[in-house]
Structure formats: structure tokens, C-alpha cells
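Visitor: From first to last, the protein sequence lines are chains A and B. Note that full-length UniProt numbering numbers the first sequence so that position 28 is 28, with each residue one more than the last. Note that full-length UniProt numbering numbers the second sequence so that position 225 is 225, with each residue one more than the last.
It should be emphasised that the hints constitute simulated quantities derived from the structure, not laboratory data. Note that the Cβ used here is the ideal one computed from N, Cα and C, for glycine as well. Don't take each hint at face value.
[Stated by the list, open to error] Using 30 Å as the maximum straight-line C-alpha spacing, the simulated DSBU-like pairs for lysine-lysine come out as follows:
| no. | chain 1 | residue 1 | chain 2 | residue 2 |
| --- | --- | --- | --- | --- |
| 1 | A | Lys50 | B | Lys173 |
| 2 | A | Lys49 | B | Lys176 |
| 3 | B | Lys38 | B | Lys177 |
| 4 | B | Lys447 | B | Lys312 |
| 5 | B | Lys339 | B | Lys311 |
| 6 | B | Lys152 | A | Lys175 |
| 7 | B | Lys173 | A | Lys102 |
| 8 | B | Lys176 | A | Lys50 |
| 9 | A | Lys11 | A | Lys54 |
| 10 | A | Lys175 | A | Lys102 |
| 11 | B | Lys21 | A | Lys156 |
| 12 | B | Lys176 | A | Lys194 |
| 13 | B | Lys136 | A | Lys186 |
| 14 | B | Lys135 | A | Lys194 |
| 15 | B | Lys22 | A | Lys102 |
| 16 | B | Lys38 | A | Lys114 |
| 17 | A | Lys175 | A | Lys71 |
| 18 | A | Lys226 | B | Lys93 |
| 19 | B | Lys232 | B | Lys391 |
| 20 | B | Lys21 | A | Lys102 |
| 21 | A | Lys186 | B | Lys152 |
| 22 | B | Lys21 | A | Lys49 |
[As the list claims (entries may be wrong)] Interface residues of chain A toward chain B, partial, derived using beta-carbon atoms under 7 Å:
| no. | residue |
| --- | --- |
| 23 | Ser92 |
| 24 | Ile107 |
| 25 | Thr123 |
| 26 | Thr131 |
| 27 | Val183 |
[To be verified] Between beta-carbon pairs, the in silico distance windows are:
| no. | chain 1 | residue 1 | chain 2 | residue 2 | range |
| --- | --- | --- | --- | --- | --- |
| 28 | B | Glu145 | A | Val60 | 37 to 45 Å |
| 29 | A | Gln167 | B | Gln116 | 15 to 23 Å |
| 30 | B | Ala71 | A | Ser41 | 36 to 44 Å |
| 31 | B | Cys19 | A | Ser41 | 28 to 36 Å |
| 32 | A | Ser138 | B | Cys19 | 37 to 45 Å |
| 33 | B | Pro33 | A | Gln177 | 50 to 58 Å |
| 34 | B | Pro33 | A | Thr152 | 22 to 30 Å |
| 35 | A | Gln177 | B | Lys38 | 57 to 65 Å |
| 36 | B | Gln116 | A | Lys15 | 32 to 40 Å |
| 37 | A | Val227 | B | Gln90 | 26 to 34 Å |
| 38 | B | Gln90 | A | Gln177 | 46 to 54 Å |
| 39 | B | Asp100 | A | Tyr245 | 51 to 59 Å |
| 40 | A | Asp12 | B | Gln90 | 48 to 56 Å |
As a plain string of letters, each chain reads:
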Amino acid sequence: MPVDWGADMGKDECKTMLDALNKVTACYRHLVSALGSTSDSQNLREELKKTRKKAQELAVANRTKLTALLKDKSISNDDRAEYERLWVLFTSSMEILEVDMKRSLEIGQSFPLKVPTRHFIQTGMTGSTTTVAARAMSVQNMKYEADASIDTADLKDLETEIAQVDQMMEEMEMKVQVAPWAVEAKQEAGAELKSTVSVGNSSVGVISVCEEEPKEGGEGEAGLMKVFAGIIFTAVLLIAGILGYLVINL
Amino acid sequence: MTIRNVRDHGQRYRPRMSCLKKMEAVVLEMQDPKTGVKSQTQRLVITTIPHAITGEDIVEWIANRFKIDAAEARAMGTMMVAFGYIYPLQDHKRLILKPDTSLYRFQTPYFWPAQQWPVEDTDYAIYLAKRNIRKKGLLELHEQEQYNNLHKWMNHKWDFIVMQAKEQYRAGKERKKPDRVVFDCQERAYWVVHRPPPGTISGMDCGLERMVDPNQEEIIFTQQCIMRPRVKSSVSIGALVKYTTTYKQHDPFLYPCLPSNPWLTDDVTYWHLNMPNVENPTKMRVERWTFSFGELLSDPRGRADFRLFLKKEFSGENLAFWEACEDLKWGAAATMQEKAQQIYKTFLARGAPRWINIDGKTMEITVKGLSHPHRYVLDAAQTHIYMLMKKDSYGRYLKSPVFKETQKKAVAPEAHKFSEAQLEQNAKKRRPSLSPIILRQQEEEQKAKLAASGPVDITQVMSKLAQKKATEPEQKT
Chain A
1 MPVDWGADMG
11 KDECKTMLDA
21 LNKVTACYRH
31 LVSALGSTSD
41 SQNLREELKK
51 TRKKAQELAV
61 ANRTKLTALL
71 KDKSISNDDR
81 AEYERLWVLF
91 TSSMEILEVD
101 MKRSLEIGQS
111 FPLKVPTRHF
121 IQTGMTGSTT
131 TVAARAMSVQ
141 NMKYEADASI
151 DTADLKDLET
161 EIAQVDQMME
171 EMEMKVQVAP
181 WAVEAKQEAG
191 AELKSTVSVG
201 NSSVGVISVC
211 EEEPKEGGEG
221 EAGLMKVFAG
231 IIFTAVLLIA
241 GILGYLVINL
Chain B
1 MTIRNVRDHG
11 QRYRPRMSCL
21 KKMEAVVLEM
31 QDPKTGVKSQ
41 TQRLVITTIP
51 HAITGEDIVE
61 WIANRFKIDA
71 AEARAMGTMM
81 VAFGYIYPLQ
91 DHKRLILKPD
101 TSLYRFQTPY
111 FWPAQQWPVE
121 DTDYAIYLAK
131 RNIRKKGLLE
141 LHEQEQYNNL
151 HKWMNHKWDF
161 IVMQAKEQYR
171 AGKERKKPDR
181 VVFDCQERAY
191 WVVHRPPPGT
201 ISGMDCGLER
211 MVDPNQEEII
221 FTQQCIMRPR
231 VKSSVSIGAL
241 VKYTTTYKQH
251 DPFLYPCLPS
261 NPWLTDDVTY
271 WHLNMPNVEN
281 PTKMRVERWT
291 FSFGELLSDP
301 RGRADFRLFL
311 KKEFSGENLA
321 FWEACEDLKW
331 GAAATMQEKA
341 QQIYKTFLAR
351 GAPRWINIDG
361 KTMEITVKGL
371 SHPHRYVLDA
381 AQTHIYMLMK
391 KDSYGRYLKS
401 PVFKETQKKA
411 VAPEAHKFSE
421 AQLEQNAKKR
431 RPSLSPIILR
441 QQEEEQKAKL
451 AASGPVDITQ
461 VMSKLAQKKA
471 TEPEQKT
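Full structure from sequences and hints, please.
Guide: Below you can see the structure in the form of C-alpha cells.
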């Protein structure tokens, strides 16, 4: 069945590419949320630029692949449903990417880097976003080579890129006839909890640090611990009392 | 593909969101290291995070900047918190500004409220999924409900939401601990503003989504107001000054009326002297007729005088027509048709007994309108005749012997000088004036007399002329 094997290959390829696009979109969103704040810097602008370019490459690659797959009339119904699901994943990613690009343009324009009278918002974030960008680009360390005028020069590129993305999405709407509401998700509610079991200790610390009011969610657990401790304590007391009684009596 | 542009329509018809741009400017001012709000460090269990500000510092800064008192500054600060520009670090669900040492922090521009970026449910779903991961499945009650709802109706995107939530969670972990804490607080604050917990009001609540602008009529009205022709204040004030100088002596509030104000002295001579059909009017009354043509016509005695003058000039039909038009305008609807026909027959038709002289165009319009008569069908003709009388006859009337005679015979009563005792006497002698019913009857009688005695036919006027000369002394009364 060379056809099926080819189709499986196509599906796997698609999935990996979509995962990559998904990762880049998530990282891009993180980076855009740092714009205009005290962790904004020339490096951040460069990171945004690079991440954006990568996202676009992935988007184009995904699109060509998926449109090719969907145009193929000889695929089975199950395959078709799967491709439609992947298509919905792709378009949702693109929508988020488009909005984030537009927002980064707007915020980038309102917060130019070099104007001394324009102060960044003191949000409390002071660290750099290198690691996030490195994750997006799938590299170990980021190299920075841009010049000082990146904030203004990049904005023009950004505008053209936004126009390109808009156009691409319109074309996609025209060419591919997929009804997104007809797609059934494979994951059920709460699926995100399953593969992130190994949450790690650091995030536990984060939870306790961010919540400064009494934890409603944690109360159940804490209460249980208290009851347990109480039981042990009373048990110890009882044993001590019994032993003492025995010692006195014996 | 989500339907994208429908929501935009609603956003444009929410003008009160124009405060957002102004608030952004204020927030930017607050960032200045020299003149902005003083910031402190927030000490948590393990980490320290800078850029925390106290509520009292915010209130003080706002009060100084805008020169307002503390209560108003607090209200303004609360607005900033309610919209999400500043978020509280303790008690994060209550979006108010407490003017004590409770800590706040500025929100990053990405999470600022903006009219052009509608808050998407997809983003909220991703946020809830992330929170689910963080809290290991123990969401708050309202969050859990929202989560279930979103899962139901956004089911087709659910894979994407899960994937994106996981990726965003992992991307968040790449940052250093303090930044991670800040980002979580920021995101949580953003969603408290835009998806408020039940029982709280959202500052971003704009009511129902509208497809049509509810203020459209008001907008048209105000646009027309702008386009209205405006009069220079020098002109309008000049007119006001002219009016007041002309009428000031005739105003009983400003000048004592002669002989005495009946309301003050209980002596009704003034009213008797100024009855509508008195034979000899007072000098003041006659003076008022010279102010404008409208004054002359609105005073029944003046109109009678004018009518007399026109009779002598043989142009009485103008005034008669004008009066007939007034009658039609203000009369009962039942008799309207009949009256209109009568007027046409008497004044407008060719060869009519009292034919009035109006220009061809007005005649055409009037005759056309008379086929379907209504109250104002003779308006054009009436205006024409009014202007004719005003420009032509009025001037001649004021120079005529009729008027001069009336002026000569006008009464100028002396001012009364009552003593206290006399005033008391007057007060005791107070009687109610003539009943309006009787007055109306008198009016009707007068009208009937006029209709019967007035010259009807212009063709017969020559023969009547001789008769008039004989009856002149009688007619003068």
C-alpha cells in the first residue's frame, strides 16, 4: 500500500510542521507581551523579527502541504477528516499569529526605543526573553546582529508582512472549502493535564508565590494534611498517656 | 474560519471608550523616573520583584498632577484599575484603588484594553487550559463553568487550544522566576478585567453589541444644528437693544402705567381706558401702533382704525382678505371647506366682488391648493397681502388724517395719587371684571356688524361713495 504509506508520511510531516508552527506562535505571543515594558530592548525587537520570519516560513510550508493534501480527491473519508482537523489547527494558529503581528506593529510604533522622553512601562519584568526566542528558533543560543535603528526599520517590514499574511489568509479561505465547525476534536476536556504530569518543583513555587490570597484550590489538600497531622498527634498523645499510666501502675 | 468582521460594527458605536487613549497618556506620564509615581520592590517568599507602587502614592500623584482633591483622585485611580491599566497585587479580584499601602503594578501594553482588539474566546480558552495545567485541574467554580461551556461550543478548535496552551506554558517556563511570576499575575489581571468573576461588574462592560448606531438621530440633529445659519452677536444684540429702547416705557414693570397699575392700587381705570373697542384710545396705545405693523394689526382698536383708513382708500379688501385667512387658520375644522370656498368666491376668483391684487405665481399656487383645501392653503397669498399692506398702506396710514385725528383725540390720563386710606377703600371696592363669556359675545356682535356694514362690492363703491360722504360723522365713531 504505497499510497497509504505516502499518506501517513504526509500526515506525520504535517503534524510535525504544525507542532513547530504552534511552538513558534506561542513563543511569539510571549515576546509580544513583553513589548513596551521594561524588558523591552533592541534584542527583543530582533527576536521578534526573527521569530516572525520563522513563523512565516513555517506558515507557507504548512499551507502548501495542506492545500496539496486537501486538493487530492482520492483520499479516504477518514483521511479527509484528519486533514480538515489539521487545517483547522493551521488556520487557528494563523489567526493568532496575525493578531499578534498587528498588535506588535501598534505597540512597536507607540514605544520607539531611542526616544529618551518615552519611558517604558514599569511592569516588573526585567529579565531578557532570549530563552523564549531560542526555543522558538530551536537553537541553543541566540545571536544578535541587528543595528540600532531596528525598531523603526523593522516596522516597515512588519507592515508588508502583515499585508502578506492577510492576503494569504484570504486566498486560503477562497481556495480551500473546509467547514471548521464540522471538525471534531480528538482531545477531550482536561486533556492538557495528561502530558504535563512532570510539572516539576519550580512551578509549585510559582503557584505559592503568585497567589497572595488564601488558596481556595489548595485548601482541600492543606485541610487533609491538617487532619492527618491532628490524628497522628492525638495518637502520640494517647500512646504517651497509656505508657505513663502503665509506668505509674506497674 | 471564524467570521471576522461582524464584531467591529459594535465597537465603533461605543464612544465612551475614547477615554482609553487619554488614560494611556496618563499611564505613560506615570512612568517618568523623575516626575512619575514612586516605585518599590515587592518582596515575596523567595524572589523580589521591582516596580510595585502603593495605592496612596498613586492617589497622591494623580491629585498633584491634575490639581484635584483626594477623593476625586481615588475615583480616577479606581477607573484605571477597573480598566486594567494597573492591577492590584493583593486581593486581585476586587478592581478598586485602596489609598493605603496595598501594592499595585502597571500592566504591560499588550494587555491594555483596546477597542480595536476584541477579546477573543479562543484566548480565554487557552488561558483557562493553562490555568488548568498550573492548578492541576482545580479551577475556581466560575472558571470551571466557563471552561466546560467553551469546550462545548468551541469543540472544533479544542485540539488547537490544548496544543497552544501546552506550548505557551512551556514557553513561559523558559523565563526566569521573577518574570514568570509577573507574567502570570499580568495575565490573571487581564482576564479578571475582561471575564469578571460572577457578582462583579466589569469596567469594560459596554452593554449589548449593536449593529446600528443608536445615536444616529442625535447625530443628524447636531449636524443640522451646525449647518444652521448663524447671526452675529453684534447684530442680535443690536436688535435686542433696539427692542428694549423702543418698548421700555410701555412695560408696566419698568415704568409706571397711567393712570395707575390696577394690580397695585385696585383702581381699574387703566383697564377701562384700554378696552378693545374703546372710542378714544390712550396715547401710549396709539404710540405702540407706530412701532410696527404687527402691533397695529394685533390691537383691535388699531385694526379698526386701519380698516377705516383703508375704507377711505378703497383698498379694504386687503385687510378683509387677511382677516378671512386668519379666520380660516384658527377656525374650526368643520367649516374649513366652506370658508375656503367663500374666500375664493369673494376674493380670488376672476371678477370677484372684492378681488385682491396678488401676483400670478402666488395666485396659481393658491388656486391649485384650493382644490384640496387645508388650514394653511392660503398662507402664500396671505403673506403677500400682509407685506403689501405693510409696505404700502401702513406708511400712508401713519401720515393720514384718520390717524392724526385719533392721535389728537387720544387720552393721556393723569397719574393717580392715592393715600393710604384711599387705597384701602379701593381694595374694599374690588369687583370682578366682565365675564369672558360676555366679552366674547360682544366680540361676536362686533364682527357681525362689520360683516353687515362693510363695503362688499367694488363695483358698487362709486354709488356708495356719495352715501358715505353723508354718513361720515356717524362712521367716525
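Visitor: For each hint, tell me whether it holds in the structure or not.
Guide: Outcome of the hint check:
no., hint, verdict
1, Lys50(A) - Lys173(B), "holds (20 Å)"
2, Lys49(A) - Lys176(B), "holds (22 Å)"
3, Lys38(B) - Lys177(B), "holds (24 Å)"
4, Lys447(B) - Lys312(B), "holds (20 Å)"
5, Lys339(B) - Lys311(B), "holds (23 Å)"
6, Lys152(B) - Lys175(A), "holds (29 Å)"
7, Lys173(B) - Lys102(A), "holds (25 Å)"
8, Lys176(B) - Lys50(A), "holds (21 Å)"
9, Lys11(A) - Lys54(A), "holds (21 Å)"
10, Lys175(A) - Lys102(A), "holds (24 Å)"
11, Lys21(B) - Lys156(A), "holds (24 Å)"
12, Lys176(B) - Lys194(A), "holds (25 Å)"
13, Lys136(B) - Lys186(A), "holds (21 Å)"
14, Lys135(B) - Lys194(A), "holds (13 Å)"
15, Lys22(B) - Lys102(A), "holds (22 Å)"
16, Lys38(B) - Lys114(A), "holds (23 Å)"
17, Lys175(A) - Lys71(A), "holds (9 Å)"
18, Lys226(A) - Lys93(B), "holds (28 Å)"
19, Lys232(B) - Lys391(B), "holds (27 Å)"
20, Lys21(B) - Lys102(A), "holds (18 Å)"
21, Lys186(A) - Lys152(B), "holds (13 Å)"
22, Lys21(B) - Lys49(A), "holds (27 Å)"
23, Ser92, "holds (4 Å)"
24, Ile107, "holds (5 Å)"
25, Thr123, "holds (5 Å)"
26, Thr131, "holds (4 Å)"
27, Val183, "holds (4 Å)"
28, Glu145(B) - Val60(A): 37 to 45 Å, "holds (40 Å)"
29, Gln167(A) - Gln116(B): 15 to 23 Å, "holds (20 Å)"
30, Ala71(B) - Ser41(A): 36 to 44 Å, "holds (40 Å)"
31, Cys19(B) - Ser41(A): 28 to 36 Å, "holds (31 Å)"
32, Ser138(A) - Cys19(B): 37 to 45 Å, "holds (44 Å)"
33, Pro33(B) - Gln177(A): 50 to 58 Å, "holds (56 Å)"
34, Pro33(B) - Thr152(A): 22 to 30 Å, "holds (24 Å)"
35, Gln177(A) - Lys38(B): 57 to 65 Å, "holds (59 Å)"
36, Gln116(B) - Lys15(A): 32 to 40 Å, "holds (35 Å)"
37, Val227(A) - Gln90(B): 26 to 34 Å, "holds (29 Å)"
38, Gln90(B) - Gln177(A): 46 to 54 Å, "holds (53 Å)"
39, Asp100(B) - Tyr245(A): 51 to 59 Å, "holds (56 Å)"
40, Asp12(A) - Gln90(B): 48 to 56 Å, "holds (49 Å)"
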